[in-house]
Structure formats: C-alpha cells, structure tokens
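Undergrad: Protein chains in written order, with my numbering: chain D, 7 to 285; chain U, 995 to 1255; chain H, 214 to 565.
Simulated from the structure, these hints should not be mistaken for lab results.
Do not take every clue at face value.
Stated by the list, open to error - In silico DSS-like cross-links for lysine-lysine, where the CA-CA straight-line distance does not exceed 27 Å:
no. : chain 1 : residue 1 : chain 2 : residue 2
1   : H       : Lys456    : H       : Lys436
2   : U       : Lys1087   : D       : Lys279
3   : D       : Lys148    : U       : Lys1087
As the list claims (entries may be wrong) - Examples of chain U residues lying across from chain D (beta carbon under 7 Å, computed):
no. : residue
4   : Ala997
5   : Leu998
6   : Leu1008
7   : Leu1015
8   : Pro1073
9   : Tyr1081
10  : Phe1108
11  : Gly1119
12  : Met1121
13  : Gly1159
14  : Val1187
15  : Asn1191
16  : Val1204
17  : Ile1229
18  : Ala1239
19  : Phe1244
Cβ coordinates follow ideal geometry from the N, Cα and C atoms, glycine included.
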Amino acid sequence: MQSSALSRYIGLIPSSVMIGAFFVIPFVLILLTSVSTPTDDGGYATGFDLQHFERFLTWFYIERALFSAGLCALIAVLSLLIAYPFTYFLTTFPPRSQTFWLIYILAQLSLSEVLIAFSWQILLSRTAGVANILVWIGVIEKSFAMTPSAGAVVAALVYLTVPFSVLLLFPALSRLDKSLIEASRTLGASPLRTFFTVIIPVTRPAIISGGVTVFVLTLGAIIVPQVLGKPEHWTLSVLITDQAIFNFNMPFASALAVVLLVLSATVIWLVTKFSGKKT
Amino acid sequence: MRALRSIYLALFALYLIGPILVIAAVSFNAKKFLAFPPRGFSFRWYAEVFVANDWFTALKNSLFIAFASASLSVLIAMPVAYFAWRYGLRYAKALLALGVAPFILPPVIMALAFLLFFTGIGLNGLMINVIIAHAVFLLALPLVTISLGLESVDHALIEASQTMGASNAVVFRTVILPIAAPFAFAGFAFCFVLSLNEYIIALMTVGFSVETLPIKIFNALRYGYTPVIASIAVIFMVINIVIFALIARFSNLARILGAME
Amino acid sequence: MPGLSIENVTKKFGTVTAVKDVNLQFNTGEMICFLGPSGCGKTTLLRMIAGLDEPTQGTIRFEDQDLTGVPVHQRNIGMVFQSFALFPHLNVGENISYAMRIRGHSRSECEDRARQLLDMVHLPGLEDRKISQLSGGQRQRVAIARALALNPQVFLLDEPMSALDANLREVMQIELRKLQQELGITTVVVTHDQTEAMTMADQIVVMGKAQVLQTGTPMEIYKTPVDKFVAGFIGTSNLLPAKMSGPDSVHVNGAVLNVGGNTGHFAQGDDVLLMTRPEEVFVHHPSDVDVANSVTGTVTFVRDIGATIEILVDCAGHEVISVLTPKDWPNVKVGDQVHVEMPAAACSVLAV
C-alpha cells in the first residue's frame, strides 16, 4: 500500500513540473518585474521599486482603467440582456436543434478575435458594409464608414461575448426544474410574469457569475478596440500589449498587468461577496 | 406572445449569423477589393490560401501548433484529473485548481508572463514556446472535461472489474480509459480550436519568428484588406463547426457544457 | 466440509465501527443470507469477503486458504453489485466474458462461454445487445452470468433484488436459489428483505448495530428468535409484557399462561416479553367460556382478504394480531371483548 501511494505522487511529477515551470514561475516573474528597478544600460534588475505603479497613478492611465472597467460593465450587461432570452428558449428546443445551436455558438465563440474584428470592420465599412444595404432600401443616399467609433467597439465586443453568455447561462437554465414554471402558471401567473418572478430569481447566481465572467473576458479583448476604435477607446489590455511589444517597457507592462489582475480579482471578489450575502 | 418569441429568435439568429454570412459573401468576391453585395463569384481567395506560400505556411504553422499543444495539454491534464478523482489526493486537487487558473485570467497577463519567461531563459521565438504556452494556457479545458468524464465512471464498475480479476492497470485500460476517452477527446478538441484561433499569446511568444494565421491576419490588416482574410474566416468557421460537431457526435456535448443527463 | 469462515473480524472506518468481532462458519455449497437493516454492517462484511475492504482485525478463510490480505483481483470470487455495475461501453457478451478477456482467452472461447452462460440465465441470443437496451430483470441475469463466468469459489450478491419490481423479485429469488443449488456454489447474499432471506437461504445471519445477533436456519430463527429485535425483523410478532410466575408459566394482564419449556434462563419474578406469531394465535367469540391459555382484549379492526382474516385485538394497550383461516373464524366484530388463545407451543419468552 505504501509503495503504491508513492507511485501516485511519482505519476504527478511531469504535470507538476509543467504547471510549476510554465505557469507559476512566469506568473511570479510578472510580479517581480513590476517592482524591478531600471539599470543604467536601459534594462532592469530585481529590486523593490514602485515607480511603475506611480506612473500608473497619473490621470491618463487611471482614466484608461476606469474606461476599461466601465466599458466591460456595459458589455456584460448588454451581452446578458441579449443572450438570456435566447438561452431560455434554447433549453426548450428539441435535442437535435439544441445540439445544432450549441455547435454553432461554440464555433463562433472560438473564432479568433482578429477575425471577428475584421468581420465587423467589413460589416461597418463604406464599400462592403450594412450602409450599402441602407442605400439599397433607400434609407440613406450615400454609403459611409461606421468605423472607427465607440459604437463599433461596443457592437463587436457584444458580438464577441454573446456566445460566452449563452454558454454561461445554459447550465442553470437547462437544469431549471420545469415544474416550477408549471406550478407558477397553475397559480395564475402569465408567462411573462412567470419569467420575471420565477425563472430570473431562480437563475440569479448564474446571471451574476456569467456577468463577472463576461466582464473579465472583455477586459482581455485586445484587437477589437484597436481595429474598430480610436486610441481613446483603448483598454488596459491594449496598453499592456503596446508597452510590451512596441515600447519594450517590460516593467511598466508588468505593472499594468498587475493592475489588470487586481481589477479582475476585485470585481470577481466584490460580486461574489455581494451576491453571496443576498442569497 | 408566440409572434414576439419568433421575432426575437429571428433577430438573434440574424445578429449571430449575419456577420458570418457577409464575410462568406465577401470571400466569394471576384474582385480584389472588398464589396458587398459581392461582384461576381469566384473561389480564387480560397485558392490563394493554399497557393500563396506565406498564407499556406501560416496555416500549416497554426495547425501544427494547435495539434501539438492540444496533445501536450491532454497529457498534462490526464494524470492530474485521474489522481484527483481516483484517490482524492489533496495535492492533485490543488494542482487541478492551479491548472485551471491561467484560463480565467485575461490572456494578455499570461502572454506577458510567457514573454518575460522565455526571454528570461534566453530561448526566444522557438515554436516549442508557443506550443507549451498554449498547452498551459488552455489546460483548464482538458482538466475540466476529463474530470467530468471520470466523474461519470461509477465506482462500482471499478470494483466489479476488480472482483473479476483486474489489477489497477487493467482496470484503467479496460474500464476507466474507454469511458473517459470521449471526454479527453473533447478536451483535446476544445484546446485545438482555441489554440488555432489564439492571437496574443502567440504574438508575445513567437510573434517575430513564427507566423500563425491570426498573427498573419492581424499583420495583413495593417496593409489594407484582402478578401483572403474573409476566406480564412470562413475556413476557420468551418473547421470550428466540424470539430465541435465531432465532439457532439462522439462525446456528450450538452453534458460537457453543464446540462443534466 | 468447512467452507467459508470468518474469525474475530472487526472493521473500523475512522472512529466508526462498522463490523464488530464477527465469528461465522459455513459449509461449502451453502447459501447464506446476511439480513439486517441498513447500516448494520452486512454490506461491509460482504465487501471484506470480496476483498474490497480489508478487516481491521481478524481472519477470513475459504476452506484451507487464508484470504486476509489477498488483493481483490487475486481472489477467486464472483460478485453481483446492487446497481449491477454492468460496463456501459461493452455489450452483453463482452460484459460476460470480461474476466476471460483480461486473462487473455481467445475470442472464440469467450464467445462460447458467454453463449453458454446466457443459456444458463435464460437469455439466449442476447450477446450483441447494448446494456442500455436491457430491462432491469435482464440486467440482473447478465450480472449473475458475468459473476459466474470463471466458476468462482464464492458467489457474492449485494442486495441483488433491490433494483427490481416486486413481482420480478419473487421469480428471481426462486430462480437464483435453483441456480445456486444446481451449481453447488458457496453463496452469500446481503439483503434487508426477510422474505428474500427466508426464500433462498440455508443459513440466515441476522445482523444489527455492527454485530451478529443470531445465526441459524430460517425456521430456527423464525420459531426461536433470540431477542425482540430479531423477532421483529423476521416476520410479524406479537409482544406482550409479562412476568415469570413459575418455571414454565408467565403472568400477563392478570392471567397465567403456560409457555411450555421455552423459558430459557429466566428466574421467577423476572420482567419478560411474551412473543407469539399471528398465525399461531386464535381469537374466540366472547360467549366462549373456559378458553385455556388465553388473555382478553377488545377487537379494534377486522381485515378479511379472502384466503386469511386478520383480527387486531387491543390487550391492555398492546396490540395483538391474529391471522386465521376462514374455517377458524370466530364471528366477532369491532368492539367485542374476546379471548385470545396463545397455545403453550406457540409462546416464546424474550428479554425485555
């Protein structure tokens, strides 16, 4: 018995090494780099220097962080609003069409952000966009480009996150005890009333956790704000990429990444705490 | 009420599928510029993907990286999920929680972490870097699907096989593996698809030496649009759909996504 | 020939004692039922025989072979699980020949044996079915066939009938018993259903609170239960508080009843329980006088179900049930003051 207990741990060595070396160590490196000190030759060395965080604490970056948080919150709300009724109907579909929709939604969810940004750029362009359809039906006279604009960023980000919202709401809604709905209907509630007084309250935890996940997901969006927005629509993720790839300023990029990490963690923590108290 | 439901569902479907249809239409454009409604019809932009050397190389790179990282990810996840489930080892459970973490963080954080790590150890821009990075970043997917698969193995089945003379190794090979395999395949397929479409981690690990398709597309976007990108979007969508349809066929998609049996 | 023996076996899970100091001895070829309420330790005892759990103390032997410490897959046993535990990824034939396949027997050998076993459990031609296509009864037969594939020394069944509906249960109990007698294989069945135990067993082991309360043939246990728990668990029993008034008589409700010689180790003046079985208790019409060995009571309910008639009588606050055949019907109605005759041979005296 003893030797087999040992062999279990031996079986875990390769996985431990991979996770340790390629997740834990790189992750710790970010933390270390964010507080590193600059050296004379333009590099950086380990130390404890908060100058990169001080640089963050200027209005420009704070404004970026607030903008990122506000944008992500807006996207989370819009995305859930659009996805919720669909997901509810989806669970009432026959199994075959349910599977069909799940496959399509997974396929779109997996589609590269690059391709989604590109699609929306085309969709909102002057030569090949929806404006042409509006011209065709005679609403407007001349086609025009709808990018770059805040509206374009929001539309594409919602499009990016709706499949996630559907999949995040799907478990709770498909496990929802359908006799609750029947009970409510026999007690005289209309379908709409049942929806708001039974279905929504029962699935509240899923709505909240779905919202948080979409929020964090949108924080990670990089291409859409760059391609469809103006620089004033850039989020923290874009700035981090910019600092790391084009300015080669690893310490500052790391500091921004730590801020992003703290922002994500805080939102997750706040919302779970807030929602935990109420239920 | 019924009418309202139908209108909403139609609008939702249009919103979801509409953009993809527009891209598909653009990809069959005969002309070099992007136009909708399309002018003429041709497959030339699809041919371009396989004929133009740079696009085809990017496609091959992406497919290879996706295959290798998905395989590696399943190999890392398998023992962790197995030991956590079979023996309830606390260490394996902690490892499982740790392995899920990278996927939850905004990807740019892990991308930067990998960039710092690989430049730090002086191995910059190797293809193996992005393979490992994707395997670790996407580890949550095989961990979750394999755990789900293992949970569907009734402990009585294991005991039954033992009473018929099966040792631990035989139990694993003849009972646990066949039942959990479809779920491991699902984990592999999820990993494969997401790796294929992943941009920022690929950019920060090998962006200047190995071109994957998403990197190539983003670079191409800067020099103006070509319908080749539209045709790639369609190709990717088709690959995604085929793979998820395979998961649905050979595994239990609704269960993996959290529905009850 | 001595077959299965369990010597001083104790099993603890942490601080909980699941099985406490059990000693049992059976002959080869016997059918043994472990009977008791859930949580009494009967399943744990079965799992220790299988090797799925190891005893904390004690020894388990089969004939001259010490099984203690032998890993489960090296014991020659066949087991039927409560859920049947059929492999969902294998078809019926593959399930049945599993034990042979993992030992490297050829495909044709496996197929022949599967066919033979399916005939034995009356399911010919089902080799290629999927498990999900089988009914509950068919699953049980497949599970039995699978467990017997390698002619095991010991055949173990954990609550084998619990997943079946009531009608099927009775059929399967008889069929399983016939099969076991045909094969002459030492068999242990765990059950909480006393009818099941009475139908099938050579020896019944009644368990309660991790211990063995009584071992014996079904009739021994039915006629002479050692205490009120066993009496209550096997069949229906009437229990009346009484006091020993002599070596073979008791005081009940002001009457003195002869209880034959079954007074055990009780002394005069001891508080005891007088136990009778409903079918051995007779109710007499109020007008009957001089009913020997009887107590009086009030009829509270009469249930006539054709083949038998049940009369419930309240004797000074304690309920006595009498089950009579129509020819003994005393023509009483609810509210009548009746005499309840308890013949000496039907009386047992148990500790309070």
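Undergrad: For each hint, tell me whether it holds in the structure or not.
TA: Status of the hints after comparison with the structure:
no.	hint	in the structure
1	Lys456(H) / Lys436(H)	21 Å, holds
2	Lys1087(U) / Lys279(D)	24 Å, holds
3	Lys148(D) / Lys1087(U)	61 Å, violated
4	Ala997	13 Å, violated
5	Leu998	9 Å, violated
6	Leu1008	11 Å, violated
7	Leu1015	10 Å, violated
8	Pro1073	5 Å, holds
9	Tyr1081	6 Å, holds
10	Phe1108	6 Å, holds
11	Gly1119	13 Å, violated
12	Met1121	15 Å, violated
13	Gly1159	18 Å, violated
14	Val1187	4 Å, holds
15	Asn1191	4 Å, holds
16	Val1204	15 Å, violated
17	Ile1229	10 Å, violated
18	Ala1239	5 Å, holds
19	Phe1244	13 Å, violated
In this structure, the earlier hints numbered 3, 4, 5, 6, 7, 11, 12, 13, 16, 17 and 19 are contradicted, and the remaining ones agree with it.
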